[in-house]
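Participant: Below, each chain spelled out in residue letters.
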Amino acid sequence: SVSIMERRWEAQRPILVASEIGQWESDNAKWGENYPRQYERYLMTQITDTQTKFGGSVPRDYLDDDPMQVILFAGMGFSKDYLQGRGHYYALEDVTHTKRLATPFQAATCWTCKSSDVPRVMHEMGIKEFYASNFYDLKDQMTHAIGCLDCHDPATMKLRISRPGLKEAFTAQGKDIAQATHQEMRSLVCAQCHVEYYFAKEPKNYLTLPWHNGMGVEGMIAYFDRIDFADYTHPISKTPVIKAQHPDYELYSKGIHAYRNVSCADCHMPYRSEGGVKFTDHHIQSPLLNISNSCAVCHRWSEDEIRTRVESIQTTVANALLKAEEAIVQAHFDIAAAMQANVADEELAPLRKLLRHAQFRWDYISASNGRGFHAPQEAMRILGDSVNQAQQVRVMAARLLAKAGITDAPAYPDISTRQKAFDVNQAFIGNTPIRLIK
Amino acid sequence: SVSIMERRWEAQRPILVASEIGQWESDNAKWGENYPRQYERYLMTQITDTQTKFGGSVPRDYLDDDPMQVILFAGMGFSKDYLQGRGHYYALEDVTHTKRLATPFQAATCWTCKSSDVPRVMHEMGIKEFYASNFYDLKDQMTHAIGCLDCHDPATMKLRISRPGLKEAFTAQGKDIAQATHQEMRSLVCAQCHVEYYFAKEPKNYLTLPWHNGMGVEGMIAYFDRIDFADYTHPISKTPVIKAQHPDYELYSKGIHAYRNVSCADCHMPYRSEGGVKFTDHHIQSPLLNISNSCAVCHRWSEDEIRTRVESIQTTVANALLKAEEAIVQAHFDIAAAMQANVADEELAPLRKLLRHAQFRWDYISASNGRGFHAPQEAMRILGDSVNQAQQVRVMAARLLAKAGITDAPAYPDISTRQKAFDVNQAFIGNTPIRLIK
Amino acid sequence: MIDTQSNAAYYSDMVGWILHLLGLPGVGRFWQVAIYGLVGVAAGLALLLVRISNAASYLSNAPETCMNCHVMTDAYASWQRGSHGRVTVCNDCHVPHDNILSKSAFKAMDGARHSTIFMLRKEPQVMHLSSGAVPVIQQNCVRCHSDQFQMIRLSDSTQQTCWTCHQNIHGDVHGLSASPRELRPALPQAGIDLKKSGE
Ligand SMILES: [Ca+2]
Ligand SMILES: [Ca+2]
Chain Z
1486 SVSIMERRWE
1496 AQRPILVASE
1506 IGQWESDNAK
1516 WGENYPRQYE
1526 RYLMTQITDT
1536 QTKFGGSVPR
1546 DYLDDDPMQV
1556 ILFAGMGFSK
1566 DYLQGRGHYY
1576 ALEDVTHTKR
1586 LATPFQAATC
1596 WTCKSSDVPR
1606 VMHEMGIKEF
1616 YASNFYDLKD
1626 QMTHAIGCLD
1636 CHDPATMKLR
1646 ISRPGLKEAF
1656 TAQGKDIAQA
1666 THQEMRSLVC
1676 AQCHVEYYFA
1686 KEPKNYLTLP
1696 WHNGMGVEGM
1706 IAYFDRIDFA
1716 DYTHPISKTP
1726 VIKAQHPDYE
1736 LYSKGIHAYR
1746 NVSCADCHMP
1756 YRSEGGVKFT
1766 DHHIQSPLLN
1776 ISNSCAVCHR
1786 WSEDEIRTRV
1796 ESIQTTVANA
1806 LLKAEEAIVQ
1816 AHFDIAAAMQ
1826 ANVADEELAP
1836 LRKLLRHAQF
1846 RWDYISASNG
1856 RGFHAPQEAM
1866 RILGDSVNQA
1876 QQVRVMAARL
1886 LAKAGITDAP
1896 AYPDISTRQK
1906 AFDVNQAFIG
1916 NTPIRLIK
Chain P
1486 SVSIMERRWE
1496 AQRPILVASE
1506 IGQWESDNAK
1516 WGENYPRQYE
1526 RYLMTQITDT
1536 QTKFGGSVPR
1546 DYLDDDPMQV
1556 ILFAGMGFSK
1566 DYLQGRGHYY
1576 ALEDVTHTKR
1586 LATPFQAATC
1596 WTCKSSDVPR
1606 VMHEMGIKEF
1616 YASNFYDLKD
1626 QMTHAIGCLD
1636 CHDPATMKLR
1646 ISRPGLKEAF
1656 TAQGKDIAQA
1666 THQEMRSLVC
1676 AQCHVEYYFA
1686 KEPKNYLTLP
1696 WHNGMGVEGM
1706 IAYFDRIDFA
1716 DYTHPISKTP
1726 VIKAQHPDYE
1736 LYSKGIHAYR
1746 NVSCADCHMP
1756 YRSEGGVKFT
1766 DHHIQSPLLN
1776 ISNSCAVCHR
1786 WSEDEIRTRV
1796 ESIQTTVANA
1806 LLKAEEAIVQ
1816 AHFDIAAAMQ
1826 ANVADEELAP
1836 LRKLLRHAQF
1846 RWDYISASNG
1856 RGFHAPQEAM
1866 RILGDSVNQA
1876 QQVRVMAARL
1886 LAKAGITDAP
1896 AYPDISTRQK
1906 AFDVNQAFIG
1916 NTPIRLIK
Chain A
138 MIDTQSNAAY
148 YSDMVGWILH
158 LLGLPGVGRF
168 WQVAIYGLVG
178 VAAGLALLLV
188 RISNAASYLS
198 NAPETCMNCH
208 VMTDAYASWQ
218 RGSHGRVTVC
228 NDCHVPHDNI
238 LSKSAFKAMD
248 GARHSTIFML
258 RKEPQVMHLS
268 SGAVPVIQQN
278 CVRCHSDQFQ
288 MIRLSDSTQQ
298 TCWTCHQNIH
308 GDVHGLSASP
318 RELRPALPQA
328 GIDLKKSGE
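Chains as they are written, first to last, in our numbering: chain Z, 1486 to 1923; chain P, 1486 to 1923; chain A, 138 to 336.
One chain only, chain Z, in its complex shape (with noise of 0.2 Å):
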């Protein structure tokens, strides 16, 4: 029939070029006139109302969901505003609209990984100028959000790393990012921000990967250590305590899936075929939400066996989160009983540098993305290692306790909701602690 006909044309239809892309190009209609797919493909990352059992692109807010998060970031902004990421579409106006922004912290790097912009603005300031000016200096010029900029290089839409904190990264680890296989690229590219990182003091807020001793938690405990990095010190234990961010790239490295060189792209950017025309499905998302097409490809179960096998995966891993952070909270709370005892800070040491540890094992966790599905035993193992390292700091607090005369178990304050876990941290940053011990 002419339909059969027709569609036998288009399985040999070429790929047409409408029009060139200049080198920082930031705007994405432009290139979209050349690859129309991908880009409405990728303007669909706009939709912000798909839920799964943990993800979707609804902005879930963390802290609601579990108060004892309001303790463990208490006095610094993840305290305050903490969501779950949502489409690339809206990465700029996240990142103007958080309260985590407010002053006095208001580091340019905050841009880096949010805007098609920000490579052209490295190319013209200069990449420690840029990471060191005031993020408020550089609003004008960030227009665009998350783009193909990002990602490709526009001569030849070869993927293409355009984030120097990645390669500079690869360099600390004695690797050349130029070495890396096309396989390896489709995941690499979105290492240059589903990474942990930290601001140096020197230069001035630059973006830094923690990956010196090795991408696992272990090596990037070790090198906080080492160079004595923390984000902020506990208000109610003292505990210099080292923030995660999404290290999606690094767990998911554990896992069999990176193992068997399955990329990124394989799972949240699936190919399709329209017509025989074959391109890559530029709506980022959770392939919770495109089983067919992102799992099936390689898993010949149904869908809803994968979802549920996934969804256990995801809740084992969500369970043990929670006792994690309900033996972190207690530590903090058994240190600062210990410090109204007056137990000295010389004593308390060891017990603030393993809380650090769990606390950091538990976030890295916490903070990457897709509920350990990326890595499922190592983030049991991890887990694991942080709860008994919490509780181990809960037996010392408890002989020092003892020493100092305490008995009985510290008097945990009520944080079953937000603002209650929020009025605690006030009371303790305002010097009006709470009384833990009788």
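Bear in mind the hints are in silico, worked out from the structure with no lab data behind them. Ideal Cβ positions, reconstructed from N, Cα and C, are used throughout, including at glycine. This list has only true hints and no planted wrong ones.
Straight-line Cα separation of at most 27 Å, DSSO-like style, residue types lysine-lysine; simulated pairs:
(1) K1808/Z / K1838/P
(2) K1888/Z / K1888/P
(3) K1728/P / K1838/P
(4) K1584/P / K1728/P
(5) K1888/P / K1923/Z
(6) K1838/Z / K1808/P
Listing some non-contacts, in silico: residues in chain A with all C-beta distances to chain Z over 12 Å:
(7) P200
(8) W216
(9) G222
(10) V224
(11) V232
(12) D247
(13) G269
(14) Q276
(15) V279
(16) D284
DEER-style ranges, computed between Cβ atoms:
(17) H265/A / S1777/P: 26 to 32 Å
(18) R1711/Z / L1807/P: 25 to 31 Å
(19) N1778/P / K1643/Z: 38 to 44 Å
(20) T1641/P / H303/A: 25 to 31 Å
Assemble chains P and A with the ligands onto chain Z, guided by the hints.
Facilitator: Same frame as chain Z, but now just chains P and A with the ligands:
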């Protein structure tokens, strides 16, 4: 050529039934006359010198490798003699030589999973009577190790459940094992023996699988608590401990392979082809000794890649096992210290209960074969809960000790070798406990 | 003998349906075959709504016919490069071989469904065997390989299919986009080709 003709002939040869097999035939050699290929391969379970990183047919000595287990099983058989299982061929020899069967414990129930004479003898005496007998009274009748009759119906060669315990466990769960699919039977024949069990008091020493509240570790604990069962009271902490024995089928059931209907036989009895015919390899052993047939058909990766992955999964579990043991051992001593400080039993009851749960969780993974490979994430989940509970016991113990005026950590004895650990046990058993507190 | 349930179901459906349609119980074998063969084609035609040439070619055995639809090209590419590419054609596996009746009936049914879906552009990105297809294929595996088994009971059931283990019959990755353009066959000529005039 002749050889080709031979192969064709071999291939097409109908399975000629040389001699009828009696309904209670326990002599594998007789079966072998009809099924030489399976018999020959079965005989290879005599091999006893193969070794993988954690398994193989060589009988590893768990107590030499890890003295902490001597403490964990203080006072009972497993602290004296505990080897890793080896080929089915040795089942009889090993059960008759183990030091675990020293007087007074001599239940005939121990024969149940060791000999293909069991079905006949059970049939003759009656099941209750079989279990209730003395081990040594049945010795003369147990002349053949595990064999064909344990898994096959001699008339049809169909897979068959020959042991009542598994059938009854299904019934207890409201399921009918007769409804099991053929693929399920390829695992259930193993589940006759590779499962956690206990000996009921009434009817005497009746073999029972604790599946009444489910096969998961939580379900078993709930059940054992309900019937208030303990294998022994720990001489150091007076904790009522449940010993887990090879919950292989139960743990496997939580893994991805069970989820995808991959059976025990698929991995441990992969197909093998000889001279053009394909049959089930009856040399049951570690699949890592036969990766190309066992795993590689489904996983088209190199043998090295497969082995490396399995070993890393197992190493992760092995390390977590040690961490849990350390916490549990210390918890036993912490409670003992509290006893020495005259803390009342009522106050210690909740600690002992929690420690009982922690140790069973640990043992559920430790005693199950495959070092957690059968369900990597589940293994880590259970070990995380185990270490968490054990440390909680230690927190509580520290507080109770404090109330009793003891502010220092107990003086944990040296258990760095099997002998030292054993002597520590003896001290506590002989009511000359080592002084743990000042 | 394969997966008796669904097989029985398949036959009673198929035969029952056609018998009912034509109400010809007990006619001679020759006529049955002939008529049923035609009915198969007719049903195919009726539902296909494509030119005779295509319908006929759909019923032929040449793998190229499957290529009338580009959505089949990945399956073709993976088959051609698999060990079976040298020894089988699609229909060796994908249609029953026990008797011509079920063969043509099955073809007609499948062909009809596939072409309809195709023209509605409703084909999924990643296809799966229809439940009816599974026992048919397994039976074909056994048909060729039975002499290689000694009492392998798995072959009597589809609880675990042959390709549960032998996953690479069509390669490890499935889907319309699975094989790169280079490995795909050029689409064959089919009747009056509108393609040229279309360009
Ligand atoms: Ca999201
Ligand atoms: Ca062994």
